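Top to bottom, those sequences are chains A and B.
Just so it is clear: in the first sequence, position 64 is 64 by full-length UniProt numbering, and no numbers are missing.
Just so it is clear: in the second sequence, position 61 is 61 by full-length UniProt numbering, and no numbers are missing.
Quick caveat, the hints were computed from the structure, so don't treat them as lab data.
The structure presented is a predicted model; accordingly, all values stated were derived computationally and were not measured.
It is possible that some hints are incorrect.
Derived Cβ-Cβ restraints for the label pairs, each shown as a range [to be verified]:
#1 A:E96 with B:P238: 55 to 61 angstroms
#2 B:N175 with A:E96: 58 to 64 angstroms
#3 B:M103 with A:A110: 22 to 28 angstroms
#4 B:E55 with A:T31: 41 to 47 angstroms
#5 A:D362 with B:C276: 54 to 60 angstroms
#6 A:D362 with B:Q56: 57 to 63 angstroms
#7 B:L165 with A:K223: 52 to 58 angstroms
#8 B:I92 with A:G97: 34 to 40 angstroms
#9 A:T31 with B:Q56: 43 to 49 angstroms
#10 B:G133 with A:R251: 25 to 31 angstroms
#11 A:S363 with B:A143: 55 to 61 angstroms
#12 A:D178 with B:N175: 48 to 54 angstroms
#13 A:K222 with B:S93: 48 to 54 angstroms
Just so you know, even glycine gets a beta-carbon here, dropped at the ideal spot from N, CA and C.
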Amino acid sequence: MKKLLVFWSLFLWTLCGVPLNLMAEEGVTKTKIHIGSWGAQTGPGAPWGAVVRGMDAYFRMINEEGGIHGRKIIFHSFDDGYNPARTLAGVKQLQEGQGMFAYVGGLGTATGMAVVDYLMERKIPRIGPGTASIRWVNPPKRYIFTNYAPYLYEARMLIRYAVERLGKRRIVVIYQNDEYGRGGLRGAQKELQVHQLSLVDAIPVELRDTDMRPHVFRMKQKKADLVLLWVSPSHAIRILGSSKAIRFQPRWLTTSTVSDCSFMYKLSKGLFEGVISAAFVENPMSNSHPLVQKYKKAYQKYAAKNERWGVFYLAGFGFAEPFIEGLKRAGKDLSRESLITAMEEIRNFKGIFAETTYKPFDSLDPRSRQGTDSVFLIECLKDGISKQLTPWIKVQ
Amino acid sequence: MSQFIQLVLNGIAAGSIYALMAMSLVIIYQASAVVNFAQGEMALLTAYLAFLLLEQGLTLPVAFGFSFLFSFFLGAGIEFGILRRARESTVISKMMITIGLEMVFIGLVSWKFGADPKTIDFPFSPYDSLMLGQDIFLSFLEAISILVALVVVITLYLFFRFTPLGIAMKASRQNERAARLMGIRTKRILMITWGISSLVGTIAASLLTPLTMHPYMMWNPLLKGFAAAVLGGMTSLPGALIGGYMIGIIENLFGGYLSIEFKEVVAFAMILLVLCLRPSGLFAHHYVKKV
Numbered sequence: 001m002k003k004l005l006v007f008w009s010l011f012l013w014t015l016c017g018v019p020l021n022l023m024a025e026e027g028v029t030k031t032k033i034h035i036g037s038w039g040a041q042t043g044p045g046a047p048w049g050a051v052v053r054g055m056d057a058y059f060r061m062i063n064e065e066g067g068i069h070g071r072k073i074i075f076h077s078f079d080d081g082y083n084p085a086r087t088l089a090g091v092k093q094l095q096e097g098q099g100m101f102a103y104v105g106g107l108g109t110a111t112g113m114a115v116v117d118y119l120m121e122r123k124i125p126r127i128g129p130g131t132a133s134i135r136w137v138n139p140p141k142r143y144i145f146t147n148y149a150p151y152l153y154e155a156r157m158l159i160r161y162a163v164e165r166l167g168k169r170r171i172v173v174i175y176q177n178d179e180y181g182r183g184g185l186r187g188a189q190k191e192l193q194v195h196q197l198s199l200v201d202a203i204p205v206e207l208r209d210t211d212m213r214p215h216v217f218r219m220k221q222k223k224a225d226l227v228l229l230w231v232s233p234s235h236a237i238r239i240l241g242s243s244k245a246i247r248f249q250p251r252w253l254t255t256s257t258v259s260d261c262s263f264m265y266k267l268s269k270g271l272f273e274g275v276i277s278a279a280f281v282e283n284p285m286s287n288s289h290p291l292v293q294k295y296k297k298a299y300q301k302y303a304a305k306n307e308r309w310g311v312f313y314l315a316g317f318g319f320a321e322p323f324i325e326g327l328k329r330a331g332k333d334l335s336r337e338s339l340i341t342a343m344e345e346i347r348n349f350k351g352i353f354a355e356t357t358y359k360p361f362d363s364l365d366p367r368s369r370q371g372t373d374s375v376f377l378i379e380c381l382k383d384g385i386s387k388q389l390t391p392w393i394k395v396q
Numbered sequence: 001m002s003q004f005i006q007l008v009l010n011g012i013a014a015g016s017i018y019a020l021m022a023m024s025l026v027i028i029y030q031a032s033a034v035v036n037f038a039q040g041e042m043a044l045l046t047a048y049l050a051f052l053l054l055e056q057g058l059t060l061p062v063a064f065g066f067s068f069l070f071s072f073f074l075g076a077g078i079e080f081g082i083l084r085r086a087r088e089s090t091v092i093s094k095m096m097i098t099i100g101l102e103m104v105f106i107g108l109v110s111w112k113f114g115a116d117p118k119t120i121d122f123p124f125s126p127y128d129s130l131m132l133g134q135d136i137f138l139s140f141l142e143a144i145s146i147l148v149a150l151v152v153v154i155t156l157y158l159f160f161r162f163t164p165l166g167i168a169m170k171a172s173r174q175n176e177r178a179a180r181l182m183g184i185r186t187k188r189i190l191m192i193t194w195g196i197s198s199l200v201g202t203i204a205a206s207l208l209t210p211l212t213m214h215p216y217m218m219w220n221p222l223l224k225g226f227a228a229a230v231l232g233g234m235t236s237l238p239g240a241l242i243g244g245y246m247i248g249i250i251e252n253l254f255g256g257y258l259s260i261e262f263k264e265v266v267a268f269a270m271i272l273l274v275l276c277l278r279p280s281g282l283f284a285h286h287y288v289k290k291v
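With these hints in hand, go ahead and build the complete structure from the sequences.
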């Protein structure tokens with residue numbers, strides 16, 4: 001009778017899907033850690049989708065090295081097409097289906113905003129969002145850790161360079177008309193205020209608009225001597241092309257999301273020469289950086305046949321680095337809380353992104369969760385070779 | 001004044017692509033009353049075929065020659081192999097099929113070529129420009145786009161007016177039963193019509209390939225082309241051409257002088273206005289039957 005009771009109890013337990021290792025954290029077993037992520041592989045945001053594929057290669061590399069404390073990482077990602085409604089649906093499906101331990105990366109500001117409440121209410125960590133919105137850390141959220149300097153800071157750094165080093169005064173910002181673009185716009189406005197200047201014009205670009213001629217015409221009308229581009233790579237090329245066609249040639253500066261110099265040079269048929277951009281990851285073409293070399297080997301081993309080695313593929317490794325560091329520090333008894341405690345202990349961690357430091361959670365201190373505020377600047381030279389103009393600089 | 005001329009020129013250049021897309025939609029709509037939502041992606045597929053052939057080492061004329069030929073057979077094949085076989089052969093069900101095809105083609109291109117933007121190198125830089133007056137410029141690519149749109153519309157006009165095949169097409173769409181009784185093979189004519197329409201769409205896509213190519217590159221031109229076709233009355237080729245130019249010019253003037261933010265919606269605001277004031281479009285001749 002007793003045996004029968006035990007049998008039926010176990011049977012019903014299994015049937016209801018209750019894991020036998022009740023004490024383990026959601027998404028964690030003795031041998032596996034389930035991690036979720038998202039990123040557009042289709043649609044207008046797809047050129048940045050390489051980040052997710054790079055991240056996949058990184059986790060494969062980690063697994064091949066033995067995993068973390070004997071556990072392999074099972075990476076679940078989905079294509080949200082840069083559509084916030086699909087992001088929320090995908091995250092819910094992952095969470096309420098398999099059950100993720102944490103989310104790493106995740107591309108897009110608007111898409112991330114769609115799931116932030118869902119994740120925070122359930123105390124699910126999100127490490128290394130693949131977007132530099134200030135909203136992740138202002139105000140700081142206990143379960144979000146960033147390692148990408150906000151666009152606001154990037155824009156401030158670029159404008160500072162434009163005013164102090166290039167001596168430009170008539171500055172125009174052309175920005176994607178969403179949270180991503182407006183982050184850059186706000187940074188430019190703030191930095192110009194410091195120099196007692198103001199923008200000559202701020203021109204919005206709609207994501208699906210393909211005709212950039214009126215935008216360029218307006219910049220020419222305003223006699224801009226420097227233009228800060230905060231748009232997608234395709235829009236950046238159309239703007240440079242339309243400008244050349246009407247012989248309007250100011251100095252161009254752009255965000256890190258358009259910083260893949262060799263790719264942009266080729267695609268723009270050389271128009272990208274001379275463009276200065278912010279950078280958030282070490283140069284993928286570097287022959288001297290040991291981590292870049294190591295990750296390139298992982299790319300050669302795991303990437304699909306036609307995958308391109310570039311800034312965004314490499315960035316996939318970088319966004320996930322602090323998470324792996326946190327897992328290592330959290331030890332064998334892994335829980336979400338032990339991960340958060342371990343993450344808070346990370347100081348001066350240097351991978352392929354800027355040096356990263358977190359602190360114990362302080363709801364009034366964004367830097368408790370914003371791991372870095374450093375970027376460096378590069379200039380795109382002939383044949384798509386990038387020249388580093390500055391070292392990593394902390395933007396105050 | 002030079003600013004105004006520059007904006008109008010830019011508008012004509014942008015409008016040439018819209019006009020080509022509009023004409024490709026109108027050709028099919030005239031023949032079968034179907035709005036082909038897959039038109040943009042059919043053009044996308046053939047543009048990427050040219051890219052693939054160039055990567056295999058073929059020369060530019062040969063690669064585009066093949067892709068134009070393929071586009072004709074793709075259009076004809078879709079009509080013959082898919083639409084003609086549809087069990088529910090209503091106009092709505094055919095349009096639903098074209099929406100499905102659109103998804104299939106876009107998925108195929110994304111799967112085969114990935115999401116990274118690409119470009120095709122032409123013998124000239126698409127960004128070099130001609131100076132037409134003080135502070136008035138027209139890029140080589142824009143000049144070619146304008147010229148190509150005009151050549152296509154004139155060729156189509158001559159084709160429908162003077163060639164036996166064109167006249168047969170015209171007869172088939174005006175009265176299919178009478179055309180059939182006169183010995184015209186109307187089904188074959190419809191298949192050729194789809195082929196020609198597909199070819200015109202591919203010409204529009206080809207003019208975009210020296211800039212950037214990506215799986216969603218034809219969304220905007222198709223939407224604007226559709227707006228231009230509606231503006232022109234959906235059944236008029238000259239209407240589609242003029243509709244395309246109008247949308248391009250008004251968008252550029254609106255963006256240049258009034259509001260960049262609302263530039264994208266001007267085309268659709270124009271459709272609303274035209275449909276309210278002249279429901280059959282600006283250039284269509286809709287016959288009214290007495291009952």
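Results for each hint:
Roughly 57 angstroms separates the CB atoms of E96 (chain A) and P238 (chain B), a value that falls within the hinted 55 to 61 angstroms. Against the hinted window of 58 to 64 angstroms, the Cβ-Cβ separation of N175 (chain B) and E96 (chain A) comes to about 59 angstroms, which satisfies the hint. Hint check: M103 (chain B) to A110 (chain A), Cβ distance near 23 angstroms, so the stated range 22 to 28 angstroms holds. In this structure the hint that E55 (chain B) and T31 (chain A) lie 41 to 47 angstroms apart at CB holds, the actual value being about 43 angstroms.
At about 59 angstroms, the beta-carbon gap between D362 (chain A) and C276 (chain B) stays in the expected band of 54 to 60 angstroms. The supplied range of 57 to 63 angstroms is met by D362 (chain A) and Q56 (chain B), whose beta-carbon atoms lie about 59 angstroms from each other. Roughly 55 angstroms separates the CB atoms of L165 (chain B) and K223 (chain A), a value that falls within the hinted 52 to 58 angstroms. Checked against the given bound of 34 to 40 angstroms, the beta carbons of I92 (chain B) and G97 (chain A), roughly 36 angstroms apart, stay inside it.
With their beta carbons about 46 angstroms apart, T31 (chain A) and Q56 (chain B) fall inside the hinted range of 43 to 49 angstroms. Take G133 (chain B) and R251 (chain A): their Cβ atoms lie about 27 angstroms apart, and the range 25 to 31 angstroms holds. Our hint of 55 to 61 angstroms for S363 (chain A) and A143 (chain B) holds, since their Cβ atoms are close to 60 angstroms apart. Separation of D178 (chain A) from N175 (chain B) is about 51 angstroms and conforms to the stated range, judged on CB atoms against 48 to 54 angstroms.
The beta-carbon spacing between K222 (chain A) and S93 (chain B), approximately 52 angstroms, falls within the hinted interval of 48 to 54 angstroms.
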